[in-house]
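Student: Chain by chain, the residues run as shown.
Number of protein chains: 2
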Amino acid sequence: MLGLMQDWPLTVDKILDHAKHWHGRAEVVTRSVEGPIVRITYAEIHERARRVSNVLLDWDIKIGERVATLAWNTANHIEAWYGIMGIGAVCHTLNPRLFPEQLVYIINHAEDRIIFVDLTFVPLLQAILPHCPTVERVVIMTDAAHMPETSLPGVECYESLLEGASTEVTWGAFDEQTACGLCYTSGTTGNPKGVLYSHRSNFIHTLLGLQATVLGATPNEVILPVVPMFHANAWGIAFGGPAAGSKLVMPGARMDGAAIYELIESEGVTFSAAVPTVWQGLLAHLREHKLKIPTVKRVLIGGSAVPESLIRAFHDEFGIEVLQGWGMTETSPIGTLSNLTPEIASLPYDEQMKWRIKQGTPPLGVELKLKNYAGQEMPHDGHTYGRLMIKGPTIAGAYFKDEGGNILDAEGFFDTGDVSTIDEQGFMQITDRAKDVIKSGGEWISSIEIENIAIGHPKVELAAVIGAAHPKWDERPVLIVKLKPGEGQDKQEHLDFLQGKIAKWWMPDDVVFADDIPLGATGKIDKKLLRERMKDYRLPTAG
Amino acid sequence: MLGLMQDWPLTVDKILDHAKHWHGRAEVVTRSVEGPIVRITYAEIHERARRVSNVLLDWDIKIGERVATLAWNTANHIEAWYGIMGIGAVCHTLNPRLFPEQLVYIINHAEDRIIFVDLTFVPLLQAILPHCPTVERVVIMTDAAHMPETSLPGVECYESLLEGASTEVTWGAFDEQTACGLCYTSGTTGNPKGVLYSHRSNFIHTLLGLQATVLGATPNEVILPVVPMFHANAWGIAFGGPAAGSKLVMPGARMDGAAIYELIESEGVTFSAAVPTVWQGLLAHLREHKLKIPTVKRVLIGGSAVPESLIRAFHDEFGIEVLQGWGMTETSPIGTLSNLTPEIASLPYDEQMKWRIKQGTPPLGVELKLKNYAGQEMPHDGHTYGRLMIKGPTIAGAYFKDEGGNILDAEGFFDTGDVSTIDEQGFMQITDRAKDVIKSGGEWISSIEIENIAIGHPKVELAAVIGAAHPKWDERPVLIVKLKPGEGQDKQEHLDFLQGKIAKWWMPDDVVFADDIPLGATGKIDKKLLRERMKDYRLPTAG
Chain A
232 MLGLMQDWPL TVDKILDHAK HWHGRAEVVT RSVEGPIVRI TYAEIHERAR
282 RVSNVLLDWD IKIGERVATL AWNTANHIEA WYGIMGIGAV CHTLNPRLFP
332 EQLVYIINHA EDRIIFVDLT FVPLLQAILP HCPTVERVVI MTDAAHMPET
382 SLPGVECYES LLEGASTEVT WGAFDEQTAC GLCYTSGTTG NPKGVLYSHR
432 SNFIHTLLGL QATVLGATPN EVILPVVPMF HANAWGIAFG GPAAGSKLVM
482 PGARMDGAAI YELIESEGVT FSAAVPTVWQ GLLAHLREHK LKIPTVKRVL
532 IGGSAVPESL IRAFHDEFGI EVLQGWGMTE TSPIGTLSNL TPEIASLPYD
582 EQMKWRIKQG TPPLGVELKL KNYAGQEMPH DGHTYGRLMI KGPTIAGAYF
632 KDEGGNILDA EGFFDTGDVS TIDEQGFMQI TDRAKDVIKS GGEWISSIEI
682 ENIAIGHPKV ELAAVIGAAH PKWDERPVLI VKLKPGEGQD KQEHLDFLQG
732 KIAKWWMPDD VVFADDIPLG ATGKIDKKLL RERMKDYRLP TAG
Chain B
232 MLGLMQDWPL TVDKILDHAK HWHGRAEVVT RSVEGPIVRI TYAEIHERAR
282 RVSNVLLDWD IKIGERVATL AWNTANHIEA WYGIMGIGAV CHTLNPRLFP
332 EQLVYIINHA EDRIIFVDLT FVPLLQAILP HCPTVERVVI MTDAAHMPET
382 SLPGVECYES LLEGASTEVT WGAFDEQTAC GLCYTSGTTG NPKGVLYSHR
432 SNFIHTLLGL QATVLGATPN EVILPVVPMF HANAWGIAFG GPAAGSKLVM
482 PGARMDGAAI YELIESEGVT FSAAVPTVWQ GLLAHLREHK LKIPTVKRVL
532 IGGSAVPESL IRAFHDEFGI EVLQGWGMTE TSPIGTLSNL TPEIASLPYD
582 EQMKWRIKQG TPPLGVELKL KNYAGQEMPH DGHTYGRLMI KGPTIAGAYF
632 KDEGGNILDA EGFFDTGDVS TIDEQGFMQI TDRAKDVIKS GGEWISSIEI
682 ENIAIGHPKV ELAAVIGAAH PKWDERPVLI VKLKPGEGQD KQEHLDFLQG
732 KIAKWWMPDD VVFADDIPLG ATGKIDKKLL RERMKDYRLP TAG
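From first to last, the protein sequence lines are chains A and B.
232 is the number of the first residue of the first sequence in our numbering; add one for each residue after it.
232 is the number of the first residue of the second sequence in our numbering; add one for each residue after it.
Hints listed in this document are in silico derivations from the structure and should not be mistaken for laboratory results.
Incorrect hints may have been included.
[As the list claims (entries may be wrong)] 25 Å max Cα-Cα, derived SDA-like pairs, lysine to any residue: (1) B/Lys251 x A/Asp646; (2) B/Lys732 x B/Lys755; (3) A/Lys600 x B/Glu258; (4) B/Lys251 x A/Lys528; (5) A/Lys528 x B/Gly643.
Just chain A, with the same shape it has in the complex (with noise of 0.2 Å):
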C-alpha cells in the first residue's frame, strides 16, 4: 500500500522559486568580475534565469543537454546554473584550473553544446575551442560595454541576450530523476570522470545542507561561499542559501585575504565556506594589519584535511568555530562534519582538539562504512584502519558514459579511495589514500604514520614507506630513507627508532637507502613513481 501525499517532483527550479517567494528581498551581493560591487536580490536572480531559459530553448537545447559554464561565483554565475537546470538541461561546471588538454578531454566527452564564461577565461577558451568541436555558443558574461576582442567563434553578450528575451517559462515537470548538474573529478590516475547529479540528489543535498549542523544557513546569515561553484557545487551554498533566503557575498575572482577581508567587513558576514590555503591567506591579512572580524561566528573549512593551527587561530584570536567537512564531488560533497558531541564539547579546549582535527561525522542521508582489503567491516574504534565506503541518494552510482564500470560493492557503497578511522564517537578521519596503505595479513598499515616518525630520525631527510609483495602477508612494509649528507648507513637504527612508537607488526621488514625519493608537484612524496623504481625490489623476508 502506498501513502496518499502529494506527488511534488524534488526538482532545483523550486529552490529559486521559493526563493523568490518568501525571501525576494533578500540579496546577493558578488564583487563583479568587471570590478565593482553589484547587488541583486533573489526575485531579480529568478527573472534573469528565467530569461537565460528561453535563450537556450531558443538555441533548441533540449531536456538532458550539457550547456557548461567557466566561472567565478557570481550572481550571474547563479542565474546561469538555474536558467539551465530549470529546462532540464545540465550545468556543466567547469574548473579552470584544470590543465588545457584536460578541459578539451572533459568539453568533449560531455558534449557540452553552449559555455557561459567569464571575461578571465576568454584568452583560455580561445585557445581551446578550436579542440571542442561540440560547442556551438559562447556567452560572455558581461555587458555590450565590456565585450572583449575575440577571435572566438559563436560568441554572444550575455547582458544583451538577457535584454531580448521573455521571463515567461516553464520550469521543472519532469522526474526528478532527471539529470541536473555534471562536474568532473580530477582523478589523479586516468581520465576525469563526471559526476551526473539528479535533480533529486541536488534537492536532497540541499536539505541536507540547511541541517543546523551543516551549513545552518537562516535568513539572519550572510554567507560568503568562497569554494567555488566549479568545486563540488560551492558545497551546495548556491542551493542552500537561497533556500533559507540567507543573503550571499560572491567573492567572484578576488580570494586573496585582502578581498576577503573587504567583502566580510563590508557586508557583515556571519559565516564562510573554503579550502585550508584562503583561510591561511585571510589570516596573514588579519594579523598583518591587525584586523578583526566580528560579525563571523563560524567557518566551514574542507577540500583537504585542517591543521590544528588554523582551528587554534581562528578560536583563540578571533573566537571564531571552525566546522570541518570532508567530502568529494562524487558525494555532492557533503560527506561529514565535525560537530562536537556534548560529552565531546564538554572536554577542556585542549582536550577537544583530539577530534576536532578529524573530519567528523555523517548527517541523515549519508551512511559510512570501514572495510579492510578483504572486504570485511571494520570496527569504530578509532585506530583499526578501513577503506572509507559511502552510500545515500546524494553519493555517485555510476560515471557519466559509464566510465570506469560498476564503482559500487556488493552493499552499494561508494569506494572514496580513502583508507580511514572510525572512532568511539563516531568521527572519521582520513589516515591515507587507498592506494598508499600495505596490505598486511587482512590489515591496513598506513604508510603516512611510520613515514611521519621514520623523519624524525636526527640522521633522516626524507622517508617512505610502501608494500613490497610478500607470499605469506601479501605485503610487508619497507623503509626508504635518504640520509642527510655525510650520514653512515646503519638499518637497524631506523628500525629501533621505530620501535614502541608503532604496532609490532607494522615494523618495517627492511630499510633501503636511497639517494633520492621521487616528489610530486605538491611536494608530496610520489608514491606512484616510488613504487615503480622499486618494482624490481624483493623482500629479504620474502623467502
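Since the structure of chain A is provided, determine the placement of chain B on it from the hints.
Tutor: Structure of chain B alone, referenced to chain A:
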C-alpha cells in the same frame, strides 16, 4: 537523461539506523507511565524496535497492514513506531482524547489488527474493543509485574514479548512511497478522515524539520516534545530527534506545569514544543514558585494561535525565544514558522510583535497561496484575505480510502479550510476558518475581526458575526449582539462603534440582538448552531 546518483529509498527505518550508528549513546529519558524516570539510548531503542518488528512478523503482520498505538510520549512508543514502520506496516496513532464512538469508527475504518496501549488507556479500550472486530491483539506496554487485571481478549505483555523476540530483521527494502503512518483528523464536520503518510513524506518532513529555522536539532540540544505523538506526529520530533542525535525527554502521561518543570530542570532541556495551554500551565507554575528555566533557549508553540501575552511572558520573564508554528495533520505538520527576517529582527521588540503573533513563512518544500472564493490568486499585501492553499511532498494528496474524494485544486494545492493573509514580509496569519468568513462581492470579510472589535463596546457581553444571503453580494455580514444585563437595544451605536475601525464594505448590513449566543465545548462561538438558529433571518438590505 537521468542522473547517476545512488538509488537510496527515503524510508524512516534509516533514521533509527543512523541514530544507532552515529548517536548510539545519546539518551531518551522518559517519565514512564508506571511512574519512575527511565533512561535508554538510541542504540537500545534500535534493538528493541527490531524485537517489536519480529513480534509483528510472528503474528503475520504484512506490509501495508495497520497496527495502532494508543499511547503517551515515551521511549516505548518510539520503539513501537519504528518497529511497525520498519517492516512496512502502517503505524496508526490513536488520539485518546477523542470520544469513544469516534475511536471505534477510526479503528474500524483503519482495520487495525493490533493495538499497542499504555496502562492508562486499558479501561478505555475495554469499553470500546467489543465494537472493533478487526483487532486481534492488544499489547499492553508494560512489564509482567505491572500487567493489569483486564477482561480484554488477546492481551499481551510488551516486555515479555520483547524478551522472547529476535533482533534479526530486515528493515526497509521497499518503495519509498510505501505507506508508513496513519493519523485521522478530528474534523468538526463529518466523520474523521485518515491522512496516510508515506516513508518518503516522513523522511522529507524530517529533513524539513532539521533545518536551523525549524527544530534546529543537533547533538547538543535536549528536546522535550510535549506535543503528543498522536497529535500530528509530535511535530516530527520522534524522527528529527534520532536523526540529529539530540537527547529526547519524553513526558509520558504528565503534562502539568509541575511535571514539565521538573523534567526541564533535571534533564537540562534546551528546546521544547507544545500547544499554548501547556505553556500557560508551565508559566503559572514558574510564577507561583518563583522558578527559572535557564537551560531553555527556544520553544516552539503551535496548535492554535499564540497569544501575544505568552510570547511576551517567555521573552520578558524568562529570556526565551518563542517560535510560532502552524500546520495540521494533513501537512505532516510543518506549514509555517515565525522566523524573523533581518528587517523585522532589527526593529525594537514591541514593533516586532506585529509579526511575532503571525504564523510565519514556509520552509523550502512547502508552497502556499491565497485564493479568493472565485479561485483567483490573492496578493501578499498583509490585508487581502484568501483561502489558504498548500502544496508539497509532505502535504496530503487524498484521504485514506478516498474519503472526501478529490481534495486538491487544479494546480494540486490542498485546501486548508483556513482563511488567512500574507504580508510583504511573507508572514502568513490565519484569520478565520473558511466556513466562517463572509463571502461578499468576490472578497472575504473576516467575521472574527469584526467580532473582536464589536465586543469592545461597553454594553456588549458577546458578539458574533455571520453572513446572511444577499442577492447581489452573495453574502453580507450581520452583527449579532448579546447585551450585558440591563442594557438597552440601539443598533446604530454598535455600527457607529465599528466605524473607522474596519473597511466600509465590511460594515454589517444589520444588527440583531439575541438573548443568547451559543458557545462550543472549547468556549468559542458555535457558528454552526448560530447559523442554524438564524436560518429564517432575512437581511433588510436584501430587497
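Student: Taking only the CA atoms, is the gap from B/Lys251 to A/Lys528 under or equal to 25 Å?
Tutor: violated, 31 Å
Student: Taking only the CA atoms, is the gap from A/Lys600 to B/Glu258 under or equal to 25 Å?
Tutor: holds, 23 Å
Student: For the pair we were handed, A/Lys528 and B/Gly643, check the Cα-Cα distance against 25 Å.
Tutor: Given that 25 Å is the threshold and the Cα spacing comes to 41 Å, the pair is violated.
Student: Check the hint pairing B/Lys732 with B/Lys755 against an upper bound of 25 Å on the C-alpha distance.
Tutor: holds, 23 Å
Student: Do the alpha carbons of B/Lys251 and A/Asp646 lie within 25 Å of each other, as the hint requires?
Tutor: holds, 23 Å
Hints 4, 5 from the earlier list are contradicted by this structure; the remaining hints agree with it.
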